[in-house]
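Protein chains in written order, with numbering that gives the first Met the number 0: chain G, 0 to 303; chain V, 0 to 303; chain E, 0 to 303; chain Y, 0 to 303.
Warning: the hint list may mix true and false statements.
Identical copies look the same in the list; a pair holds intra-copy or inter-copy alike.
Derived SDA-like pairs (lysine to any residue); straight-line CA-CA distance at most 25 angstroms [said to hold, decoys possible]:
{"hint": "1", "residue 1": "K287", "residue 2": "E248"}
{"hint": "2", "residue 1": "K264", "residue 2": "E289"}
{"hint": "3", "residue 1": "K32", "residue 2": "S177"}
{"hint": "4", "residue 1": "K287", "residue 2": "E55"}
{"hint": "5", "residue 1": "K56", "residue 2": "E286"}
{"hint": "6", "residue 1": "K134", "residue 2": "R21"}
{"hint": "7", "residue 1": "K146", "residue 2": "I178"}
{"hint": "8", "residue 1": "K258", "residue 2": "Y136"}
{"hint": "9", "residue 1": "K264", "residue 2": "E283"}
{"hint": "10", "residue 1": "K32", "residue 2": "R279"}
{"hint": "11", "residue 1": "K180", "residue 2": "Q101"}
{"hint": "12", "residue 1": "K287", "residue 2": "N261"}
{"hint": "13", "residue 1": "K287", "residue 2": "D239"}
{"hint": "14", "residue 1": "K264", "residue 2": "N253"}
{"hint": "15", "residue 1": "K27", "residue 2": "P121"}
{"hint": "16", "residue 1": "K213", "residue 2": "Y119"}
{"hint": "17", "residue 1": "K117", "residue 2": "R43"}
{"hint": "18", "residue 1": "K240", "residue 2": "E7"}
{"hint": "19", "residue 1": "K287", "residue 2": "A75"}
{"hint": "20", "residue 1": "K272", "residue 2": "E245"}
{"hint": "21", "residue 1": "K32", "residue 2": "W16"}
{"hint": "22", "residue 1": "K272", "residue 2": "E249"}
{"hint": "23", "residue 1": "K264", "residue 2": "R282"}
By construction, these hints were calculated from the structure, which means they are not laboratory data.
Protein chains: 4
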Amino acid sequence: MDAYWIIEKNHPSEIHWHGVNRFYYTGKSPYQKIEIIESSFYGRCLVLDGRIQSSEKDEFIYHEALVHPALLLNPAREKKVLIMGGAEGATLREVLRYKEVQEAVMVDIDGEVVRVSKEYLPEWHQGAFEDVRTKLYIADAREFLEKTNKKFDVIISDLSEPMEGSPAVKLFTYEFYSIVKEHLAEDGIFVMQAGTTHHLKIFFHSVMYSTLRKVFKKVRSYQAYVPAYDFIWSFIFASDKIDPKEFSEEEINNLLKDKEINGLKFYDGETHKMMFSLPRHIRELIEKEERIAYDNAPLYAVED
Amino acid sequence: MDAYWIIEKNHPSEIHWHGVNRFYYTGKSPYQKIEIIESSFYGRCLVLDGRIQSSEKDEFIYHEALVHPALLLNPAREKKVLIMGGAEGATLREVLRYKEVQEAVMVDIDGEVVRVSKEYLPEWHQGAFEDVRTKLYIADAREFLEKTNKKFDVIISDLSEPMEGSPAVKLFTYEFYSIVKEHLAEDGIFVMQAGTTHHLKIFFHSVMYSTLRKVFKKVRSYQAYVPAYDFIWSFIFASDKIDPKEFSEEEINNLLKDKEINGLKFYDGETHKMMFSLPRHIRELIEKEERIAYDNAPLYAVED
Amino acid sequence: MDAYWIIEKNHPSEIHWHGVNRFYYTGKSPYQKIEIIESSFYGRCLVLDGRIQSSEKDEFIYHEALVHPALLLNPAREKKVLIMGGAEGATLREVLRYKEVQEAVMVDIDGEVVRVSKEYLPEWHQGAFEDVRTKLYIADAREFLEKTNKKFDVIISDLSEPMEGSPAVKLFTYEFYSIVKEHLAEDGIFVMQAGTTHHLKIFFHSVMYSTLRKVFKKVRSYQAYVPAYDFIWSFIFASDKIDPKEFSEEEINNLLKDKEINGLKFYDGETHKMMFSLPRHIRELIEKEERIAYDNAPLYAVED
Amino acid sequence: MDAYWIIEKNHPSEIHWHGVNRFYYTGKSPYQKIEIIESSFYGRCLVLDGRIQSSEKDEFIYHEALVHPALLLNPAREKKVLIMGGAEGATLREVLRYKEVQEAVMVDIDGEVVRVSKEYLPEWHQGAFEDVRTKLYIADAREFLEKTNKKFDVIISDLSEPMEGSPAVKLFTYEFYSIVKEHLAEDGIFVMQAGTTHHLKIFFHSVMYSTLRKVFKKVRSYQAYVPAYDFIWSFIFASDKIDPKEFSEEEINNLLKDKEINGLKFYDGETHKMMFSLPRHIRELIEKEERIAYDNAPLYAVED
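Only chain G is shown next, with the shape it has when bound in the complex:
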């Protein structure tokens, strides 16, 4: 039996214990506790404030699911992409697979997590921070957007769901998504990680969905099973022009071929179809949600 364990208390009555067989790094930034551990089952992991953020054995699922639908379906020939969060560098890695990306701007508030990831997570970033197209800013994503006139073709939110009191709270509101939209090109796409769609814990996802529907004309929930998160995981794709559900398996596979995107392990046409097809009870839960997250009435990830 492992001597050390990390516990993820997903609910007062649902606790998952992961055996830890090595601690590579342990430290603290002004924003959070940071650890790089080796889980006996999932391999090397980035842990922030005691929650596994991504693991060696399945980060490909999360990062391919987050990046490829948006990057593939955005029609711009020369793309500017903004990543909010994403310190590990793996979202950046997936974005840079596209030759049409001219500029990949990454804005993360916590320079310390970026520094630690650069050193301890080489399999995640694979040199992405050194790519000439990469521009890294250590800043609050909302302040960054409020100060710039730049427009982007794709904006990706790779941020942890906000806990009460966290500065991330204002990155998950109607007002913020309106700012995001102002910085998107006309046929631009916004995509975000959006918590679990476990039907007993879906509130965060469904409120984000209803909030984005007030801002964008076409909004689609999609999901993928990322084992180290212990739950099925979800994303939201939002734009005014493009509906990812309308694309067939063949169209997705052809686009991947045309754009010379090789080496993916998780994503392709069939995976795309799977992700954007939701089971009936999940669709119903999402559609009936009426709450909207506003700056003065934000949403926290844990409600129990």
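Given chain G, put chains V, E and Y in place with the hints provided.
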């Protein structure tokens, strides 16, 4: 904090704890320990040998996923259906939704679990055991099939994966699936629950898949996320004639309408599409599996 | 690995898990949840509100430690003894070993725990409830004492430490101990179980000690290691006349012989010496305690 | 709830979890995994191979109990003391309190634990490694003794109980204790930490006791409650001349005064009396033990 917890050791380094707030029943049959508990999160649960078999809050996902693809796509006008296992009565409940089912034969080795389920799980069976079409046998499914000349249109395996030494071991082999096939009508369908498709724990599923491919011409893996199982869950659909992947969302929805199947919470055309679309890494893991389970070299659910 | 576990959260950061291999009884009284379980390590246990009260494998330690110093050193030739709490019947069993006991009055508020103990804990009571000297009252101990004029030679408090809101709170105060004293014969002895003397969790014990010192002239803490409680356990011996620390090993052994007390497993002269000798840091912690528990400022067992 | 926990599996059905709020050091020597952590409850701890060795909040109990009975009762005017193990330096610290100690030789096999302790556990050693009387050898204690002709007045075994395959196995046998005795002065004393005396886990202690009885004329078990070990802890005092049980409280207190031993928190005359008084069932379990540990039939600490 709950005082009592049930632990599911999914791997020596991955342990999930579920808080228990009530024990309704605790006993023992010749085959297994039986408990009816109330999980603080998932409600009432049937627990066999310390493993949650199904929970009040999500049994609809598992049972609809197991039953409907096969029942809906089987072309027989008047159906005979065989359920192996399924003591809770919920698989039976879903089968009996089809008016074309003339006879629903259920064979479970453990009469004690059936008795306890009848008393403590009314929301599961909803009176299905009293339906005139139901025939219940307390028997070993393999012996039952070896002794009968009956043919069925659909055969459903709702059996726990076998542990070493369990009598269920010989219900998961090439020889047994050959016997199953002999008892299927020409266009009959066999469907089974087949463990998790978690990519690090997929061996049981993939060996069952390769074993069935030696017996049936058309074999398809499919999956659904059943939260109380802590992992994504899987099924296999096997027949000589019918490929469930060829049916479109519209065809599935039309079939449900034609057959007047109402009141489903999980399954419909979009759910069907989702279940039979697998992510790329899972397809690759399944296809490259070469092991076959034989009577003299069977498979156990836990390999660690 | 056991499938079921009972957890004892002794502190937010100190949690002990006991594997459970059988549930004999589970129910609820107006006062508490009651379970009879079989711990894999400690055998059959009485569990109230999720806390192990006593275990088959070590209840002899607790009950002998609680009863014998007081019964042995009390000089009355014909004794009346009052037990407050003690539903399992084991305290009663030890009291009845003394032929000089004429009357053993037991007052427990929870008749349901007594009923369950009678049925499921025969090794505890060993028929003590049927002894002609036993008088059992289902009542609140304080109300019982306030209504009676009876005097006792020994009064034993075998009550769980009070949690906030529990009716037991007023059985651990200066006012209550004053009532107790009024019901003691002149050379009577009061003895109580008094929580752990773990030096980081000693507050309950030390406040009881200082409270009793306001009521009795001679007060002595003593301790014994009861493994199933996970901590060293303590008791307090209070009287106006008798100091148990003054008795030598030989005197204790002679008294046991004179009174024909046979069959003890834990207690004798050397054990007596051990129990009443405290390590230096514990003595200092106890002596410097100044808090007193009053009816209007009572003490709860958990302060974190 | 703490995010990280260290688990101590004391038995397959008895598991204790300690919340960890900081990792100071994590590394590996040729002999063991070494961690310095901060337990939320017990403060800074040295952890070897996942077992807490000593904690800031209660190491004084263990180290005073181990050292003082032997150092105080040994009659030599000028003492040579040998410590086997004891890497934290706290055993050394207690030994050096005696002015009559001319030489304190410490032999620990693992230089890495010593180095880490020097850096991270200053409250333990308090500069003891720099005392001119200290001689530190990084060596196997048995090889060290076999090569030297030196005699010691007191030899202290501060070694973890051996696990199967550990090099410490041969430091807990009849043959080794015979070597120890050859290196003791005529009225010399050997003292060792000897595992728990929890009555269900006493085998290690009792076999060491019966083994030492074959080598020394006077052997006494004694115990102290060290909370972070989760169990009552034990020691054995062995010599040909001195029986620590014969000393009264007053004699112990006078010896402490004569030798000017100040600043102890745990040990004094009353503590001495407590430690050497054992409860009846423990005495019986120890006395009836007949097994002896030999080089070719050694004892491991875990038998389950």
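> Tell me, which hint numbers fail for this structure?
Replying inline: 3, 6, 8, 10, 16, 18 and 19
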